[in-house]
Amino acid sequence: MSETLVRVENLCKYFPLTRGLFRRASLFVHAVDDINFTIKRGESLGLVGESGSGKTTTGKLLVRLLEPTSGRILMKVDGEEVDISTLKGESLKRFRRHVQMIFQDPYESLNPRFTVFDTVAEPLVVQGIGNVLEREERVAQMLALVGLTPPSSFLFRFPHELSGGQRQRVAIARALIIEPSFVVADEPTSMLDVSIRTGIMYLMLDLAERLGVTYLYITHDLAVARYMSSRLAVMYLGKIVEMGETEEVLQKPLHPYTRALISAVPIPDPRYKRPIPEIKGAISEPINPPPTCRFLDRCLQATKICQDSPHPPLEDKGGGHYVACYMV
Amino acid sequence: MAESILKIENFTMHYMTKAGEVSAVDNVSLEIRKGESLGLVGESGCGKTSLAISIMKLLPENAVIKGGHIYFDGTDLVPLSEDEMRRFRWRRISMIFQAAMNSLNPVYRVSDQIIEAMETHFGNIDYSEAREKVANLFRLVGLDPKFMDQYPHEYSGGMRQRAVIAMALACEPDLIIADEPTTALDVIVQDNILRELKALQEKLGTTMIYISHDIAVIAEVSHRIGIMYAGKLVELADAEEIFHHPIHPYTAGLMSAFPSIIGPKRELVTIPGEPPDLLNPPSGCRFHPRCQYATEVCREKEPEFKDYGSGHMASCWNPLEG
Amino acid sequence: MEEKTKVITKPKVEVILEEEERKRLKEMPLWRVRLYLTWREIRNNWSLFSENKIGLVGLGIIIFYAIMAIAHPILMKWVWDPNIYDPIVGYSYDEVLQPAPPSFRHLLGTDPLGRDVLSQLMYSTRSEFALGILAAIITVTIGTTVGAVAAYFGGIIDTLLMRLADLIIMLPFVTILIVLSALFKMNLIILAIVIGILSGFGGTGIVIKSQALTIKVRAYIEAAKVSGGSNWHIIFRHIIPNLMPLSFLYMMFSVTSAIFSEAVLSFFGLLNIRMSWGLMIHTAQTAGYLLNPKTWWLIVPAGLSITLLCSAFYLVGRALDEIVNPRLRKR
Numbered sequence: 001m002s003e004t005l006v007r008v009e010n011l012c013k014y015f016p017l018t019r020g021l022f023r024r025a026s027l028f029v030h031a032v033d034d035i036n037f038t039i040k041r042g043e044s045l046g047l048v049g050e051s052g053s054g055k056t057t058t059g060k061l062l063v064r065l066l067e068p069t070s071g072r073i074l075m076k077v078d079g080e081e082v083d084i085s086t087l088k089g090e091s092l093k094r095f096r097r098h099v100q101m102i103f104q105d106p107y108e109s110l111n112p113r114f115t116v117f118d119t120v121a122e123p124l125v126v127q128g129i130g131n132v133l134e135r136e137e138r139v140a141q142m143l144a145l146v147g148l149t150p151p152s153s154f155l156f157r158f159p160h161e162l163s164g165g166q167r168q169r170v171a172i173a174r175a176l177i178i179e180p181s182f183v184v185a186d187e188p189t190s191m192l193d194v195s196i197r198t199g200i201m202y203l204m205l206d207l208a209e210r211l212g213v214t215y216l217y218i219t220h221d222l223a224v225a226r227y228m229s230s231r232l233a234v235m236y237l238g239k240i241v242e243m244g245e246t247e248e249v250l251q252k253p254l255h256p257y258t259r260a261l262i263s264a265v266p267i268p269d270p271r272y273k274r275p276i277p278e279i280k281g282a283i284s285e286p287i288n289p290p291p292t293c294r295f296l297d298r299c300l301q302a303t304k305i306c307q308d309s310p311h312p313p314l315e316d317k318g319g320g321h322y323v324a325c326y327m328v
Numbered sequence: 001m002a003e004s005i006l007k008i009e010n011f012t013m014h015y016m017t018k019a020g021e022v023s024a025v026d027n028v029s030l031e032i033r034k035g036e037s038l039g040l041v042g043e044s045g046c047g048k049t050s051l052a053i054s055i056m057k058l059l060p061e062n063a064v065i066k067g068g069h070i071y072f073d074g075t076d077l078v079p080l081s082e083d084e085m086r087r088f089r090w091r092r093i094s095m096i097f098q099a100a101m102n103s104l105n106p107v108y109r110v111s112d113q114i115i116e117a118m119e120t121h122f123g124n125i126d127y128s129e130a131r132e133k134v135a136n137l138f139r140l141v142g143l144d145p146k147f148m149d150q151y152p153h154e155y156s157g158g159m160r161q162r163a164v165i166a167m168a169l170a171c172e173p174d175l176i177i178a179d180e181p182t183t184a185l186d187v188i189v190q191d192n193i194l195r196e197l198k199a200l201q202e203k204l205g206t207t208m209i210y211i212s213h214d215i216a217v218i219a220e221v222s223h224r225i226g227i228m229y230a231g232k233l234v235e236l237a238d239a240e241e242i243f244h245h246p247i248h249p250y251t252a253g254l255m256s257a258f259p260s261i262i263g264p265k266r267e268l269v270t271i272p273g274e275p276p277d278l279l280n281p282p283s284g285c286r287f288h289p290r291c292q293y294a295t296e297v298c299r300e301k302e303p304e305f306k307d308y309g310s311g312h313m314a315s316c317w318n319p320l321e322g
Numbered sequence: 001m002e003e004k005t006k007v008i009t010k011p012k013v014e015v016i017l018e019e020e021e022r023k024r025l026k027e028m029p030l031w032r033v034r035l036y037l038t039w040r041e042i043r044n045n046w047s048l049f050s051e052n053k054i055g056l057v058g059l060g061i062i063i064f065y066a067i068m069a070i071a072h073p074i075l076m077k078w079v080w081d082p083n084i085y086d087p088i089v090g091y092s093y094d095e096v097l098q099p100a101p102p103s104f105r106h107l108l109g110t111d112p113l114g115r116d117v118l119s120q121l122m123y124s125t126r127s128e129f130a131l132g133i134l135a136a137i138i139t140v141t142i143g144t145t146v147g148a149v150a151a152y153f154g155g156i157i158d159t160l161l162m163r164l165a166d167l168i169i170m171l172p173f174v175t176i177l178i179v180l181s182a183l184f185k186m187n188l189i190i191l192a193i194v195i196g197i198l199s200g201f202g203g204t205g206i207v208i209k210s211q212a213l214t215i216k217v218r219a220y221i222e223a224a225k226v227s228g229g230s231n232w233h234i235i236f237r238h239i240i241p242n243l244m245p246l247s248f249l250y251m252m253f254s255v256t257s258a259i260f261s262e263a264v265l266s267f268f269g270l271l272n273i274r275m276s277w278g279l280m281i282h283t284a285q286t287a288g289y290l291l292n293p294k295t296w297w298l299i300v301p302a303g304l305s306i307t308l309l310c311s312a313f314y315l316v317g318r319a320l321d322e323i324v325n326p327r328l329r330k331r
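Chains as they are written, first to last, in this note's numbering: chain D, 1 to 328; chain G, 1 to 322; chain L, 1 to 331.
Capping the alpha-carbon separation at 20 Å, the derived lysine-lysine pairs in PhoX-like fashion look like this:
| id | chain 1 | residue 1 | chain 2 | residue 2 |
| --- | --- | --- | --- | --- |
| 1 | G | Lys34 | G | Lys7 |
| 2 | D | Lys88 | L | Lys225 |
| 3 | G | Lys203 | G | Lys34 |
| 4 | D | Lys252 | D | Lys317 |
| 5 | G | Lys133 | G | Lys203 |
| 6 | G | Lys18 | L | Lys53 |
| 7 | G | Lys7 | G | Lys66 |
| 8 | D | Lys76 | D | Lys88 |
| 9 | G | Lys57 | G | Lys7 |
| 10 | G | Lys306 | G | Lys7 |
| 11 | D | Lys93 | L | Lys225 |
| 12 | D | Lys76 | D | Lys40 |
| 13 | D | Lys273 | G | Lys198 |
| 14 | G | Lys265 | D | Lys252 |
| 15 | G | Lys146 | D | Lys280 |
| 16 | G | Lys133 | G | Lys146 |
| 17 | G | Lys18 | G | Lys66 |
| 18 | D | Lys252 | D | Lys273 |
No wet-lab data here; the hints were simulated from the structure.
Everything numeric in this text was worked out from a predicted model, so none of it was measured.
Just chain D, same shape as in the assembly (with noise of 0.2 Å):
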């Protein structure tokens, strides 16, 4: 089952700076800018990446909650490859079954005027499946799935009487009761406490295992990103700049933004003594950005080459591990 589900190229989504009222907009920000990478079935790649990074917009584009300045997004649709950027109408709606979104703020992602019941079985309504009763059924069943039960004292409470973790469980049960294949969560747990967010963690795991969905998991949080992806992609200022397997960016990272965040991250252990960010500078917004590498003012290792040539192309430097740097 090592099936590509999602093959993003050349993806570039960017936002115009408009000032005055008829003046045409010659400031963009660079949003995303020329992404490629692929998903198979069944993994999860993890997005990480500092605010301005890009991450978030990028899982907007893939559920097409925005649409891209230009690139392609392609995805499996019932067997067939379908280049979701352009979707319009029906079949914008039909693609929508198969890609589903969980979002950051338990809080603001549910509303307050919903029941738990309403708000899970949304997507069955607005997908037209099933009746009444059927949906009742399935409802149920997804909040017992997402460990709330018994379901039926959940079923007609509202958020305010729902403690962080239970609403995003909710959330959990609402992206996942139409059954996509592929979810994007941004940021499922970074509003939770400590103690709540393993549990969330591990519910998502388990049901990826058990009903088979692939994620895309944005954090900026490498620590949970390590546990929740296979294969982890490193984003600065809407370049991809390092992808490859989990464990072999964390402990073998080649590019000098990987390395400086990593180094960058507090340990939980008083006696570690960590190194100190190679890194220079702080981070600034991609507006109409030259065409140099995006980290170049940033480097502690740039050289006259990174100065004089383009943004580094993103290449394979050896199983599978990807980097876009002209020092390694």
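With chain D held as given, fit chains G and L onto it using these hints.
Coordinates of chains G and L only, in the frame set by chain D:
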């Protein structure tokens, strides 16, 4: 042996709400020595922020101190009036709030805000002297003084955090309470700020209290660590002791629930259940409903907060063997 | 880090609930459950509302007048002699001089045409209520839809609707009504519709739109889109229900505006109705008794009723505001 600068004795504070009395901080005792940094760890609702604002006496209207003492450099802060407390706030104890962006007034320049803070506490100071001080503070926290006269919205998140730290240092306080100082920041900026806070502390000898839900951050910056749960201080010890020889099951659970990017990929432990409702906290030991070692006595009586040797304090009926 | 031999516990969720209530809910069919939940919500809202003294005062006044409206037909059928007490065609033969001051038989006296003032007052109450509520419903329906659509679709639809609103706000309300009444004969229903349309496309629409804008960006709207929800599904199932508290609030203010506008128009004799409080004052004025303190009963009851009922709805609206806004903020 450095003298103790803050001594909290059996401090209890409740919030009066429409639904009832919320037992936010219950019978907490701890001591911090001068120049030391104490990290307070706990999940949301555990009382760490409530304890912090109690020390500063920045309590909301519905907060009631039910008992106990907070001795700061010998003076009990609890019975002090607002006027008397003002002599301590910012001048001797200052605080870096969570979401520091909100501490900065958007309509004033950053330099003016810091100078105003200094004027309030030092009385009239020479303006150019004050500006010199602000420039020094900026350099201290890693900000280029050329940004001094800008407005807060022109700063990035990391810069604002540093500005707030500079403001907290402006009056040269003896004690700084930092409530989640780096939570909203990217990890590289966080690293920078944590290093600077540590360096500052060593340089100025300021006593610090760090509050965070992130035990990794606390591990890096604290000499001593206190674990709070449901309004109670359940364990207090040197940083290494807490991590490698935890006594309280909650502490051990918390350690094991934290993923780490180094070392072998071990199984993460989930602590079952949820933090309790403080309107009606569990009887006896507040952690007993979620504790796998709970016994009858845990349900009935609250364990004593006692010393297990070399300053390692914990309150548990069934302490873990280190 | 040392390894602790820990048993990996499956995520368990502690459930705090009212067992009997949940059991009951389990056995009911879906529609009954929804009814029950709505009832529970109303009950909760009532306890919040009743804490506010202002709201209770307003509500008290409204109930008082409602009782008056209901009492009138009963009185007419069983207590009063219709020949004397009919508010429109009655004539108080028992009085010599018209208008007659208040007495035992005519508690508020009679008007220049010999009709009992109290009867007129009570009779008009029901049309005042009808007008107010009809206008309010129309205003809020239009206003909510305009607000939701303008906020959700943005762009040119938003611009058009907002410019229309600007235009309507610019024009003086009562003057427009006067002009319209000159163009065609207005009765209460037409007046209600006109007021409803003007307010709905005007100020109310703008206020509701700004609220709708805050709802539009919430994560649950994105979640609905990801599920495949169409634009109309999102507007009617998500945005409008979350606007309802605000809409309900503005309904209260619309009633005030409607009742007052009617009074003004009737006073000028521009309305095609048979009896209303404004008309009572108009009658007094045309007969020359307007500013005569000796015939106070011709004006004071009607004027006071207008003031009281308008204020009552306004007070209820203010009380609702305090409930609605913090909750909206919380969300």
